[in-house]
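Asks: So the sequences go chain by chain: S and R.
Counting from 1, one number per residue, gives the positions in the first sequence under my numbering.
Counting from 323, one number per residue, gives the positions in the second sequence under my numbering.
The hints are simulated quantities; they were obtained by calculation from the structure and are not laboratory data.
Every value quoted in this text rests on a predicted model; they were computed, and no experiment measured them.
No residue lacks a Cβ here, since even glycine has one placed at the ideal position from N, Cα and C.
You can trust all of the hints, since none of them are fake.
Derived contacts from chain R toward chain S, CB cut-off under 8 Å, selection only:
#, residue
1, F342
2, W348
3, P365
4, A410
5, T441
6, N447
7, V465
8, Y560
9, L575
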Amino acid sequence: MADVIEVGAARGDAPPPVGGKERRGASASRRGRATTPYLFLAPYLVLFLLFGLAPILFGVWISLHQWDLQLPNRPLVGLGNYHDLFSSDSAIYGDWWSSVRATAIFTVFSVPLLVVVPLGLALLLNRSFPGRTFFRAAFFAPYVLGVAVIGLLWRFLLDANLGLVNRLLGMVGLPSDTPWVTDVPWAWVSLVGVTVWWTCGFNAVIYLAGLQDIPAELYEAARVDGAGGWDRFRHVTLPGLRPVLLFVLTTTILASANVFGQSFLITQGAPGEQTRTVVWRIVDEGLRYYDAGRAAAMSVVFALMLAVVSIVNFRLFRYRED
Amino acid sequence: MTSLRRTARYAVLLLITAIFVTPLVWMVITSLKTYGEAQQIPPSWLPNPFSGYGYEQILGNTQNPVLRWFLNSMLAATLHALLVLATASMAAYALARLRFRGRKLSFALIVGTLFIPPTSLIIPNFVIVERLGWIDTLTVVVVPGAASAFGVFFLRQFFLSIPPELEEAAVLDGANHWEIFTRVLLPLSKPALATLAVLSFLTNWNDFLWPIYVLFSPERLTLPPGLGLLQGAYVTDYPVIMAGAVLASVPVLILFVLAQRHIIQGVSRSGLKG
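Given only the sequences and the hints, what does the whole structure look like? Please build it.
Replies: Rendered as structure tokens:
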């Protein structure tokens with residue numbers, strides 16, 4: 001029987017099985033047949049094949065065609081859609097690279113803040129004191145709201161005339177007529193600022209879990225050696241957090257590069273189309289103008305760009321560890 | 323000295339809290355103003371008088387049936403969470419406890435998709451659901467998202483952390499896999515299942531990009547695309563827009579208060595896998 005219970009064999013450090021192999025083998029026939037594992041897997045596998053795996057291959061297939069969603073004919077065009085993205089005389093070239101530029105600007109400015117600010121918050125919360133759970137919840141709260149809510153909310157808060165932000169700035173004597181959502185560079189400040197406000201609680205919680213895994217003895221030993229607060233941070237906290245930092249950095253880059261709702265709702269692409277991001281360009285091209293072939297090609301190029309960034313990211317971190 | 327430091331710490335924490343919470347409070351305050359008051363420059367601090375204008379506008383609204391969107395969202399997010407729990411827990415059991423041909427390959431494929439940004443699959447997924455005839459139905463916002471590898475990965479890790487000895491007694495009693503799964507493993511996994519259910523509900527409730535392109539009929543929308551419509555229809559009528567935003571926030575904020583431990587644990591555990 002193939003389906004004896006496999007006791008923790010998938011993980012090296014799992015405890016050894018109780019009872020002999022023969023005994024478990026003997027009762028296996030009563031517990032199920034060889035098809036049992038597949039029956040357990042089947043419901044998820046159907047979903048996974050249809051909406052997780054098939055779209056990857058299907059997306060590449062679509063990208064090789066001139067695939068108008070409204071036309072029955074979808075002629076094969078080979079790498080034509082890709083060629084359009086890289087040749088400056090094609091109609092889409094300008095729009096596509098403008099969206100890449102917008103996404104790059106957003107990512108470059110939001111990621112450092114989303115890596116550093118949450119670390120500061122986590123350090124503030126990383127010891128027990130009355131009210132700690134409350135503060136952690138307050139910092140995390142915006143994250144449970146969807147991008148639709150925070151988009152509408154900040155479009156309003158950042159309204160140049162009616163918004164709270166300019167009102168508060170005016171009260172402390174700063175300019176109170178900043179066009180936060182309609183002009184650059186303010187639109188970028190807004191998009192990055194709102195995203196930091198919205199998601200930094202998420203990264204802070206991940207850091208907190210990582211901080212609590214650093215053995216207290218290490219801090220104690222450093223203290224005994226006469227290390228000050230900054231030294232302990234540099235030589236105990238940061239090295240201890242390295243895997244968590246890599247995780248946060250990687251997931252934050254991916255999340256930032258996938259930005260859509262904030263610019264869709266808050267700046268609405270303004271000024272002009274300068275804050276229109278890659279994901280927005282892809283769905284617009286494919287689902288609003290029905291050019292699925294071109295949009296699929298953009299998706300593939302985009303996924304490859306992100307893969308390169310992630311790989312570089314891992315390499316850099318591993319290099320530093322050596 | 324220490325009491326001074328403690329005071330300073332609390333001052334900093336309260337200041338940061340204000341930054342996180344003030345926008346949410348302002349959302350509620352504005353939802354209780356009249357249109358006229360919300361147009362004042364500079365804005366008033368508190369509604370004078372408190373007004374139900376914003377909520378009246380959205381509740382009796384036939385063009386933008388916000389209540390209907392609310393119910394659609396509630397139904398979709400609940401069904402989605404149940405679907406994820408059922409499919410992911412069964413798959414995770416097979417991957418954590420059973421031996422079968424193709425197990426390593428299927429696990430590698432499932433985990434591999436965690437590294438592919440879901441946004442890059444939107445176009446092919448749209449073509450697929452269109453062929454299935456799911457466009458503009460409840461199914462299209464409930465089912466495809468359940469293909470995410472996160473739930474399977476998350477529960478598999480949890481199942482592996484449960485000592486197999488706990489299942490041995492059932493095995494010796496001649497229980498089959500289904501009985502071991504439902505009577506031993508699932509009851510032991512309640513915290514993890516609750517965490518996954520809450521996270522799946524939140525994700526689905528907040529989903530914006532997918533529904534705005536696959537739902538069209540006003541009576542079929544969920545709240546997030548509905549809020550987008552509301553913004554387009556009311557532009558600067560902020561009490562109405564903020565009332566809609568409050569309606570969309572209240573369920574998840576209540577859920578957050580009730581299930582804070584589960585949400586925080588789920589998030590921190592997702593980080594530790596890295």
